[in-house]
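Here are the chains, one letter per residue:
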Amino acid sequence: MDALLPVANVLGRLLSVFSLAYLMPIVAAIHYNDGTTPDFVAAMVICLGAGLILYAVTRANYRELKPRDGFLLVSAVWALMAAIATIPLLLVYDNMSFTDAFFETMSGLTTTGSTIMTDLDHAPPAVNLWRHELNWLGGMGIIVLAVAVLPLLGVGGMQLYKAETPGPMKDAKLTARIADTAKALWLVYFLITLACIGLLKWAGLSWLDAICHAFAALGLGGFSTRDASVGAFDNPLVEFILIVFMIIAAMNFATHFVALRGRRLSAYWHDVEARGVIALIVSSCFGVALYVWLEGTYEDYLTALRHVSFNLVSMATDCGFASQDFDKWPVFAPLWMLFLSCITASSGSTGGGIKMIRTLILAKQANRELTRLVHPAVVNPVKVGGNPIPNSVVIAVLGFIFLYFMSVVMLTFLLILSGLDFMTALGAVVASINNAGPGLNKVGPATNYAILTDFQTWVCSFTMLLGRLEVLSLAVVFTPQFWRK
Amino acid sequence: MKIIILGAGQVGTSVAESLVSEANDITVVDNNAERLNILQERLDLRVVPGNAASPSVLDAAGAVDADLLIAVTQSDQTNLCACRVAKSLFNVPQRIARLRAADYQEYPELLDDKNFAVDYAICPEQIVTDYLRKLIEFPEALQVLEFTDGLVTMIAVTAFEGGPLAGKPLKTLPERLPNIDIRVAAIFRRDQAISPTGDTLIESGDEVFIIAATAHIREVMTELRRMDKPIRRVIIAGGGNIGLRLAKAIERSVGVKLIERDRARSERLAAELTHSLVLRGESTDEALLDSESVEETDMFLALTNDDEDNIMSASLAKQMGARRTLALINRKSYVDLVQSAGRIDIAISPAQTSIGKLLARVRRGDVAAVHSLRRGAAEALELVAHGDAKHCKVIGRSIDDIDLPAGASIAAIVRNTGQTRTEYKDMIGYEVPIHEVIMAHHDTVIRDGDHVIVFCTSKKLVGKVEKLFQVGWGYF
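For the record, the sequence lines run as chains A and B.
Residue numbering for the first sequence follows my numbering, beginning at 717 and increasing consecutively.
Residue numbering for the second sequence follows my numbering, beginning at 14 and increasing consecutively.
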């Protein structure tokens, strides 16, 4: 238990910094004069106050954190930030429960993008901006979590295998220090976001919509300012721009950094994950569009391709925008999209799920076992991008996958026990653990999570956090040996 | 000529053997005194024990008045360092180094006089690999040798009962290959060379050396041997330097199974190779060969460092039904033993194969290539004719008039036509000269600048042939 107080000290400092995030909605509230200015100012003061008090009280306990404290820290950061971010929502909407508000902010910070709020079209601009800012900040946190923090804790597929590999991959070590790496990646994230805002404005969106959707696309959050999500604009150009930026956000930001710094596109070719993402998405888009068109959902193939591309990319990258009610498509299509949401996004991106690198390692491990049956004497290490992966990493990935699927199965059972039908329960759990957003059936793209009971809402909130922290880093906090000295 | 050879390993020993018989003054340096003693007992040369790269040892070896330094130790670093020392301290005019790592060859500026001062770098493993590759390309050949940068190829094949060669006189060959000019350079019958004439009948078991333009060689092969199917599947036993290089070179076009006994090495092989199947085990393990269906293998190559292992595994593979077997064998006596017994189709001495290029540098006159044939018993030379009719004994004369020693014959000539191709100039920066390949006939006249390919059935003739091509004193 001696880890709690030093971690609380760091949390206090982080909360104080987090209070700056309220500045953006406050500016929006003043600009649009939507009457929420006092609520956001109050929220900012509470956040700053809480942070400073927490910091002051635990100041005596300050010490350098040990790597092990990191598990507690990242779990607590996400939970506490989500809790504190509910304040403006609770102040603006008198009838909103803490359960629902927490679900909404957790969905924002974990970049899931499921919402329990209705009538978004008429929500105060400041509230919409706040939700989307959470998406964007969540994405920022994830990048650092993935490239800097998780590798230190020994979780996450990415740096684990890159640390030992020679060849083109060594570019992945960007700068010598974690702080510099984080700054470099944030700069890339920021620049790409600016580009996205500019293009969306050019394509015809208002400034508010452009900023909000760019935030949601880069964080792969998938919140929208409309109940009908991106479908409300019915603008192919907007959809195309978002597809491009969702795919960009689903690639490793370290690769973007290398490509930008060296001004060479070959960085993407050297990144095996980027190749896998593109190949999987492109082939799935054309294939599913063909299927949906043959099943007669759309009149012509091009329309089918347009709608399938947008919604499939959105689901596969774990973003969660929707332009059509794809739950009404023949059942293969939404299930395939849900499957893609599990495996597509790269490590070091803002997407969720198993991540492409683990998918590749698993596929090659399976192939290796098959080869071994035919050639018992064979020596064939698992190789990704031409570099052999140590067996210890392969075993760690297998362990992760087991925990991941057991989590999906158990949480689905839990939701079924609580009274949901199978499709809704499965859809909600998979969409939450992958931080994708819309699920199936009652929580599909045309409806939202407002129909869930309080208990089910909490289960989904927990699932989102579990998926965001790559299962292991949250699960370890619940084990007895973590707390034992 | 005073020559210092650094390293008394396989390559160093073979180089010493080849040069010692040509009246050179040879000193061999190695840090293994025992190896040097064995060498000294066998050959007439001087030995100096010690570190080959150290100035004092080189001094003791007589580097001050040496004409040539051949650094062929196992270590690239020692070889490079020795060349630098020989250049800086002793000003040895010519320095040849063995470099195994491909890295060095990628940066030629490293080898110039300002840096490591290596005049000529050879990589024996690469030469052997290239050679094996050619044998896979022409699976029925015993030897495939290239001259004049690959324009002319000489192949050796064995005639067999019922085949297209055996039992027929030589002069019927042109009838079967009407549009192709080929020459039979020599025939070896029961290890004795016979001079081929038009009426010579080829017997089963004869080794026939045929020379033709490389562009035609596939057609020639098709006609001479029943090339029923090309090589599709190979098993390589031994993942050493050569095994790995060969697997890397062919794995994209041929199915490769690579057997390696060492655990760590096999893991490294598996990491480096992308399409090959790496198997851990003994190449002499019958059960392993059986489970990897050796009987469906087109070629089995035993490439370990161990002669006995190579002989045993290749013989075993042959018995189990491999279509063609090949073994690397260092010991000369073994080579003749296994090949004459017929248990192994092709026996290759890696040292003999790889030192040809090196020997070409050492020989006097304008020798462009030397290929050792039949494990060093015979040689094929590529010489450049220089001068005019007054000063040179070959230029301006037809082949009949040239006073070649008995047992040596001119097989082919490659002539610069004086014309050039311009279409690649933008890419490579110069115009490519066009060469024509002329098969030697009795009335062919040799001109200045011709590359002449001479076949010597015995090594003793080499010196005489070289002397013939040397320009008389008055010319310069």
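Derived by calculation from the structure, the hints in this document are not laboratory data.
Be aware that one or more of the hints could be misleading.
Straight-line Cα separation of at most 30 angstroms, BS3-like style, residue types lysine-lysine; simulated pairs [to be verified]:
{"no.": "1", "chain 1": "B", "residue 1": "K345", "chain 2": "B", "residue 2": "K403"}
{"no.": "2", "chain 1": "A", "residue 1": "K1158", "chain 2": "A", "residue 2": "K1044"}
{"no.": "3", "chain 1": "B", "residue 1": "K406", "chain 2": "A", "residue 2": "K1080"}
{"no.": "4", "chain 1": "B", "residue 1": "K403", "chain 2": "B", "residue 2": "K477"}
{"no.": "5", "chain 1": "B", "residue 1": "K261", "chain 2": "A", "residue 2": "K1099"}
{"no.": "6", "chain 1": "A", "residue 1": "K899", "chain 2": "A", "residue 2": "K917"}
*Looking back at the hints listed earlier, which ones does the structure fail to meet?*
1, 3
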